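Colleague: Next come the chains, spelled out residue by residue.
2 protein chains.
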Amino acid sequence: MATISEVAERAGVSTATVSRALNGKDSVDPALAGRVLAAADELGYRPNGPARNLRKQETAVLALIISDVENPFFTAISRGVEDVAHDAGYSVVLCNSDDDPDKEREYVEVALQERVAGVLLSPAGRGDSAEKLRAHDTPVVAIDRPLPRSGGDTVLVDTRLAAREATLHLAEQGYRRLGCLTGPEGVPTADDRLAGYRDGLRAAGLDSGELVRRSDFKATGAAEAAHSLLAERQPPDAILVANNAMAVSVLAALDELGMRPGRDVGVVAFDDAPWTVLIDPPLSVVAQPAYDMGATAAQLLLGRIGGDHTETTVTTLSAHLVPRGSSRSG
Amino acid sequence: MATISEVAERAGVSTATVSRALNGKDSVDPALAGRVLAAADELGYRPNGPARNLRKQETAVLALIISDVENPFFTAISRGVEDVAHDAGYSVVLCNSDDDPDKEREYVEVALQERVAGVLLSPAGRGDSAEKLRAHDTPVVAIDRPLPRSGGDTVLVDTRLAAREATLHLAEQGYRRLGCLTGPEGVPTADDRLAGYRDGLRAAGLDSGELVRRSDFKATGAAEAAHSLLAERQPPDAILVANNAMAVSVLAALDELGMRPGRDVGVVAFDDAPWTVLIDPPLSVVAQPAYDMGATAAQLLLGRIGGDHTETTVTTLSAHLVPRGSSRSG
DNA sequence: AACTGCTGAGAAAACGATTGCTCGCCGATG
DNA sequence: CATCGGCGAGCAATCGTTTTCTCAGCAGTT
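Heads up: the sequence lines are chains D and X, in that order. My numbering puts the first residue of the first sequence at 133, with every later residue one more than the last. My numbering puts the first residue of the second sequence at 133, with every later residue one more than the last.
In case anyone wonders, no lab produced these hints; they're calculated from the structure. From a predicted model like this one, the values you see are computed outputs, not experimental measurements. Misleading hints may appear alongside valid ones.
Heads up, the list lumps identical chains together, so a pair's fine if it works in one copy or across two of them.
[As the list claims (entries may be wrong)] Result set (DMTMM-like, lysine to aspartate or glutamate): computed pairs, CA atoms no more than 20 Å apart in a straight line: (1) Lys264 <-> Asp173; (2) Lys235 <-> Asp219; (3) Lys264 <-> Glu174; (4) Lys235 <-> Asp215; (5) Lys235 <-> Glu202; (6) Lys350 <-> Glu388; (7) Lys350 <-> Glu202; (8) Lys235 <-> Asp331; (9) Lys235 <-> Glu317; (10) Lys350 <-> Asp387; (11) Lys350 <-> Asp215; (12) Lys235 <-> Glu356.
Kindly generate the complete structure, drawing on both the sequences and the hints.
Modeller: This is how it looks when you write it as structure tokens:
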């Protein structure tokens with residue numbers, strides 16, 4: 133692969149001039165610039181990224197640390213991130229933390245080491261990843277979940293409010309024993325949705341005892357939790373499910389037990405998906421603006437990278453309830 | 133951020149010794165090595181990635197160029213890639229080409245410029261991206277789709293055979309007018325599935341005329357195509373759908389027309405998903421080993437990066453038909 | 001004609017690591 | 001006692017850019 137000196141030699145100028153010409157910097161004699169461009173073209177010259185990064189002390193790379201790309205919610209986020217990053221000439225490295233604080237830490241180390249321009253982080257636990265990043269002057273934007281300590285830029289969904297709303301909706305539809313299936317303790321979204329569920333119960337004047345189960349945010353763990361919930365002596369007549377993957381397990385469990393969503397057990401789940409309207413009855417959901425979250429967070433991060441030193445912000449996008457058949461007892 | 137010279141100074145040794153000690157190279161006096169490690173630790177030293185990359189003339193980064201992470205099939209692939217890359221100490225940059233050859237080309241340029249160690253490519257069209265990469269000695273592994281020209285390493289699914297099998301299955305179930313909804317012309321998987329469909333028709337001794345529609349591989353475009361297909365003067369009594377996103381549109385279209393999958397129109401779709409068993413009747417699918425494809429391809433690529441110069445290989449994983457209710461007329 | 005500004009290009013110094021080469025020092029051998 | 005061999009550490013070159021500094025040359029002013 134051709135280097136800048138080869139281009140310089142071929143164009144009969146110095147490397148400095150080549151660099152300037154290629155970067156459209158300063159004023160370079162148009163004739164020379166033309167020669168340079170031509171020479172670069174003929175040699176198929178591509179500047180060496182690492183060299184440039186070393187010299188400029190910056191890279192055009194963002195790290196995106198999420199729990200799992202296979203979760204459609206994070207998939208949409210990552211698409212949003214990638215789109216705006218790409219438009220700005222940045223690349224995105226994808227990191228699956230699996231909600232494991234150790235893996236998260238490890239990825240943060242890599243990000244630091246590679247001197248990425250910024251990090252989009254969906255924090256797994258109460259770790260201090262974000263602080264370590266900021267300690268090294270790497271801009272961070274938290275996404276979907278707030279940072280444990282300290283306030284960095286954050287893009288959230290008012291998930292607690294949405295959970296409350298969904299719970300109230302179930303109550304309004306006549307369900308009385310409302311259960312909740314949420315994610316692991318310590319994961320903010322899981323806890324917030326649970327809190328919102330409790331808000332809703334209180335607002336509706338209901339008290340279900342503790343019809344609550346936790347599992348990982350995945351389908352496998354949720355299956356067991358769903359069965360356990362439905363096997364209560366006094367089982368719930370409606371369930372708020374904290375994400376899409378778990379909803380699949382809940383619906384499967386109901387099916388196995390010969391129970392029909394809506395009629396027998398009301399169901400509202402977080403995260404919309406194309407298939408939710410295909411099932412009978414269609415699944416009521418809390419739709420989250422995942423793509424926009426990714427895009428917004430990326431924009432924010434690029435702003436910080438660009439030297440924006442204004443106060444850190446917390447952007448809260450709103451989720452909205454999409455009531456469908458699975459939460460209508462009629 | 134501390135540099136190697138600061139560590140060297142603090143430990144009272146040369147940078148060379150620090151480098152060797154930190155990389156566990158050669159023989160360094162254990163006492164010195166201890167001092168170095170301690171110094172590095174106290175300073176929170178992380179080697180500067182770009183500098184190291186420049187010097188070593190290599191990076192620990194793979195580029196993954198796929199059409200769209202929001203497609204669950206590619207999501208699973210990317211997860212497979214990321215897992216094995218991570219285990220090997222590599223990072224993955226994610227690139228969505230949207231099946232646009234220009235965008236693909238652009239990403240290839242970036243990959244070249246950043247001197248990534250290798251590229252996993254799901255080629256969009258009949259472009260020459262792979263050749264350009266190989267011309268610059270960047271290892272490439274094609275994934276899901278063969279390379280237009282030239283044979284580089286490739287990881288495929290025997291999609292044509294699977295389509296044939298699915299078609300025969302529909303025929304066996306008693307359907308007679310088999311239609312096919314596939315992807316854009318020129319996308320190998322789309323063409324292969326169509327070819328497999330035709331193979332199946334021939335093998336079954338059926339001739340449906342041309343009950344074929346093409347659309348992009350997305351839900352929106354597929355909706356129109358599905359309606360058009362079902363509005364034929366003599367509409368199909370079964371449809372082979374070439375991917376998951378399009379299947380959603382087909383099922384939605386059937387629902388709108390008051391037709392029941394299986395009973396009125398048999399349906400088999402490519403790509404399994406958690407929700408396919410939740411609908412009534414459950415959706416028959418051709419399940420593809422997407423995660424394994426990603427993992428396999430990444431392993432292959434890492435092998436090439438490691439200097440494996442043996443003949444290029446074509447790995448064909450097999451998809452398997454999962455017959456469910458949507459293809460039983462009974 | 002001498003001096004001042006100004007423009008534009010080249011020389012060379014970074015950036016921060018890795019690594020080939022050199023060299024000092026040690027004990028061992030002839 | 002002189003030399004040799006080997007070990008371990010440092011010096012300095014190197015990777016390919018960008019960018020500061022310097023300087024040559026030219027035009028304009030007095």
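Colleague: Work down the list of hints and note, for each, if the structure agrees.
Modeller: Hint check:
{"no.": "1", "hint": "Lys264 <-> Asp173", "result": "between (43 Å within a copy, 14 Å between copies)"}
{"no.": "2", "hint": "Lys235 <-> Asp219", "result": "between (29 Å within a copy, 11 Å between copies)"}
{"no.": "3", "hint": "Lys264 <-> Glu174", "result": "between (45 Å within a copy, 15 Å between copies)"}
{"no.": "4", "hint": "Lys235 <-> Asp215", "result": "between (25 Å within a copy, 12 Å between copies)"}
{"no.": "5", "hint": "Lys235 <-> Glu202", "result": "within (17 Å within a copy, 24 Å between copies)"}
{"no.": "6", "hint": "Lys350 <-> Glu388", "result": "within (19 Å within a copy, 32 Å between copies)"}
{"no.": "7", "hint": "Lys350 <-> Glu202", "result": "both (10 Å within a copy, 18 Å between copies)"}
{"no.": "8", "hint": "Lys235 <-> Asp331", "result": "neither (33 Å within a copy, 47 Å between copies)"}
{"no.": "9", "hint": "Lys235 <-> Glu317", "result": "within (18 Å within a copy, 42 Å between copies)"}
{"no.": "10", "hint": "Lys350 <-> Asp387", "result": "within (18 Å within a copy, 29 Å between copies)"}
{"no.": "11", "hint": "Lys350 <-> Asp215", "result": "between (27 Å within a copy, 18 Å between copies)"}
{"no.": "12", "hint": "Lys235 <-> Glu356", "result": "neither (26 Å within a copy, 44 Å between copies)"}
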